[in-house]
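Enquirer: When you get a sec, could you build the whole thing from the sequences and use the hints?
Just so you know, the sequences run in chain order A and B. For the first sequence, my numbering assigns the number 1 to the initial residue and increments by one for each residue that follows. For the second sequence, my numbering assigns the number 672 to the initial residue and increments by one for each residue that follows.
Which stretches of chain B does chain A cover? Using the computed rule of at least three CB atoms under 8 Å from a CB of chain A, they are: (1) 881-888; (2) 1010-1022.
When the alpha-carbon atoms are kept at most 35 Å apart in a straight line, the in silico DSBU-like pairs for lysine-lysine are as follows: (3) B:793 / A:561; (4) A:211 / A:232; (5) A:257 / A:149; (6) B:793 / A:590; (7) B:1214 / B:1104; (8) B:793 / A:232; (9) B:793 / A:452; (10) A:358 / B:784; (11) B:681 / A:635.
Hint data in this document are derived by calculation from the structure and do not stem from the laboratory. The structure presented is a predicted model; accordingly, all values stated were derived computationally and were not measured. Every residue, glycine too, gets a C-beta built ideally from N, C-alpha and C.
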Amino acid sequence: MKFSKLLLLLSTGVSKIHASGSLDVDVDAYSYVTSLMAEDATTADVASDAICTTAIDEYTKSDSIEDDSTIEQIMTREGLKMNFDADDRGQIITLDSVRYPYDENMVVRPLPSNHLLTSFVFDMTSESFGPRRNPQESDQYTHYTVFPKAMKPLLERTSTRQLQLRFTRGFWDAESWGPLPYDGVKSGGSGVELWATIEATSKDEAYHKWKSLANYLSGHFCASINFIDSAKTSFPVYSFKGDTGDSAIPLFDRENKDSNLYILHAALANEPICTENLTPLIKLLPTRGKSGISTYLDGHKVFDSVWHSLSIDIDTKCDLKSELCHYEMEAMVDMVIHVPNVLERFENPIPKPVGGDKLRCDLTKPYDAYECFPLPEDTAISFSLSQLFNKTITGCNKFIERPSTICVETTTEWDISLKIVDDDSLMGDESNCFELEDTKRYDVILDSHNSKSVVSTGDVPVFVSRALTGYGQDHGGLRTVLNNPNDTPVTITFFESFPWFMRIFLSSLTVESSNGDITVNKLMESMYYSPAVDRKRPTHLEFTMEIPAHTTFSFSYQFDKTLLQFAEYPPDANHGFEIESAVVTVLSPKPYQLRTSTLLLLLSTPDFSMPYNVIIISSTILGLIFGVVFNLLVKRVVTLEEADKVLVERSIKYRLLMLKQRVLSKLGLSH
Amino acid sequence: MGLFETVQRKASQMGLLPKVIRLLPILSMITALVSIVLIVILPMEGQYRRTYISENALMPSQAYSYFRESEWNILRGYRTQLESFIKFPSEENISIESAYEIVTSQDRFATIKSWLQEFGVKTATYHNNVTGDTLYGVLHAPRGDGTEAMVLCMPWHNGDGDFNIGGTALGINLARYFSRWPIWSKNIIVVFSENPKHALRAWVEAYHTSLDLTGGSIESAIVLDFAGVNDFFEYTEIYYNGLNGELPNLDLVNIAVSITEHEGMKVSLHNLPQNELSVNNYWSRLKLILLGIKDASLAGVKKVHGNEAFSGWRIQSLTLKACGTSGKIDITTFGRIPEAMFRSVNNLLEKFHQSFFFYLLLTTRNFVSISSYLPSAVLLSIAYALSSLNSIFNTKYSLNSYIQYSTIAGIAWLASLVVSFAISHVFIYSTTKFNCVLLLSGNLMVLLTPLVTTKAAYIKEPITQRIRSLGFLYFSLCSTSLLMLNFSFAFSITLLAFPMTFVKNVNTYDKNIFKLQLKNTLCLLISNPFTSVLFITNVFENKSFNGLDVFPALTSAWNELNCWTWFVLCMCWLPVWLLTVASTMVTVPVPVITNDSTENNTKKNM
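Expert: Here it is in structure tokens:
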């Protein structure tokens, strides 16, 4: 047993391990401990970091730890209790040499109008393994270091070579903030978006693996990803090819000629994103939000932002010479906050009207005790990350190759300094990048007299907006506006996937532009269209088109809304059906990806008490018709006189009279 | 023998059917009377219900409204700037009615735009050469999905044509105030249109067809109307009637009423004057129900307040108007109504669907639902059907088909439709005063034709009867379909057209033809669609309509708002009236074809 590793893991944050029973330590010790950590995650406090770090510090001095009892002594001294089975006590190696391929850094970038983008990047790499067809066939010793144990068996079982999962919500104001972080490739449409490259021998097999993948991720990330079914899944043709392209990923099962790579994509529009999605993501990190920059990842702060995006990318990288592969995982959290609002909320949770003395009035306009024309937001601003996130951070990552970093991307009009909280000292750096090496508590202070001055990240290649048009419940239209404000033409692929109940008529595709010289033929270079199959497959549309410089045009198509089956409506009255966002992938001049907002499609919802009324009325009518027809068939039509005669003849009184007469006549008594 | 058979035999023994047929005119009148009684008893205790918030998520006034204190200072700041856009004729005369504008709408929009952009509203201008431009801005919900929106609308001129300075300043200030709150789950769209009528309607239409900047599907819209530059007002008026019989969901009206009253204001509906607002008795309720029917019938035609512009896209909308210039209620209190309403609507996870879409209000807190008032309009339709039967059966020509006469009647009906269609379309293109006079005099000429041609033209008697019968049947069908969509309008026109059913056949052998014809002409004069609309608007809506104003209003309601009141008048009412006029022509009897065998059989069956 590598005890050192266990210690290291302890050092990453959680200390209050009170494993009173035996600890089953084997290759999976990591996961065992982590599960313990998860249990205690809520009770663990930051202060405990120091304790475990001290424990490690002392033992890094000695070359190796030979005796488990020493560890137990230390642990007892530090208030930790652990019992181990004697059998599992193994050899202990030195700590100094153990460094794992884990990288984390945080980038803070002020945006115009006092917004602030904070990006957290966590990189993890798995140990190398030989690619093989069936992971169960091999008895090779496998081992999870910093790569989350949850992921690797999943990737192997479902033959997933690339996995991209996005949780995004909010409004990215591209007009004033510029391009999306990482050129948009790390953020999805509003809601959850998942796409993966899966190796399979057929489309069906790929879909089954995909379904299994989705079900697993659904459980792991507490999201409704399991609602992804064939009616939501599309197989992109031009989009989502990724940076590396398919060629970089070798087929593991080369013997089978049918073996191929399939890209599958699905999105759950407007799926609410919340803490229960963030917590599983943090749990994938070796630091588990207990030390390093992930300390900042508090649900209250991440989701109290104007825009946020959580993303997970897993890629398979193979070395063709050594025939060894490894997984690389990138977890990212990006968020945009409006700094004055957050600071204000820190002081007063309710944004009440400001006090009369705090009003900032435009002195060039009339103002007095009753009147005040408000000034725009103050551009002189000073704040620290601890004010925004309500905590300081420590650099506790003793087991990683590079220390965690915090970089601030600003112009010279900002003063950035790193504050060491314990000794109240400030440090500055030209590059505004700080390495959190020690186990001290850190804070970053941002200060500017002109917060409008921000780093430009280039032009947004294209703007897109999409809206539903039309009037009425049975049909509608969809209008997409694309705008290229730049000097160079832009080539894009436009990916759209619609649910089957939205019946698109491609024949109604029209292109409108302000100058009117853009036609469908001129614009669209290629088009892929896979029509929907009811309840089985979505409509899948992909266009490749070139937008000339300084051009705005819109294209629209009409669609019919279908009536769903009784049970397909949501159980309660709903506000509409979510339509996932369209994906625009810019191919040139530079790779970029952006998405439209999602849409809300109103389907005519029947009044569900109506079936009962219909049943009642139609049964009544049927009953009446049956009665009439039956009477006509079996009864004779007679005149009133005849009917009266028959009635009289049938009455008991008449029969008795007849009987009496007959009897009397037999007896010869009749008149 | 079944029960039905017994009843039927009893009836036929008593000769009920001929008796009923003889009584048809009286029955028709009784049905009409019952329908009126059904409306009149609605305001009685026990007939109506108290309103309630049906959708639990709305929770009106459950959160404290913070639009107060220093927000008033900011409001005044914006208002002073807006005031600089207009000029009063003199220092003494600062009534808002006489003010005039001194900057162009482009300059005004540019200024407002710069204010809005300061707190993060994305703005765009909708250009329309006909109706004028409209400035609008989208405040993206920080945590919403951006698929739904709430609209706050501030027309620069209100329904009365006055400058909506207070409302515009309030709207801008509210947008600024809303931008500081993190609670929004739906986008907020602020709209600054030139007027609440066609400019706003054009914007709403463009929003659903061609605008590039959109904020998702609109859930609800609130139009703010605070004319003038004063700080205080007396009470709040809520306008809720949509076009073509559409009403906002009762829940929206309820939260508006509940919030307004919660903030200590009196609520007026249908222009009820201030001194009648606290009255709640049978007569006040009856008055409000009748005013409601009148306003719904004339919605779009009479003064438009802005909420009408949103009719038709499943948008629930209403207008809040601050009434009076003195009083103790300040403008921020008025601002707290849209604030609290937005917070309520923001809570909705569904569409407005819980509460009623068809209702009549008796007071601000009492209503009747469709099941209570619909029977009265149905009965009126039945009254026409009975009249139709009357003109067929109560004659000596009833027992034979007279196919040639029925065909002529059918052709007459088609011709009347064609004529009405032509008239309706000619007037859509041009409604000058001259045309209106022409229309009325044309109608008068048609009306007088039977009188003038007493000696000249003789039509065969069965034809006129069949023409009239067909006309009434058509009207009955029209009003039945209409009453499902627009109860108030269907009820009004069937009631106003009812004198038509009193028209009698005029025969050459009648003794005093002239008296009969005079009576017919009088009935037809008051039941003519145009004269009766003219009469009603000039008597009950004389504030908005003078003389012939109603005709341009009717056609512009169609052209600008897609309100089909004019077409219903022309295509439902006018053909029937024309047919009825035709049926009052002096007729000659035709020999009755007597077919003994048929007659005997019929008698036997009866």
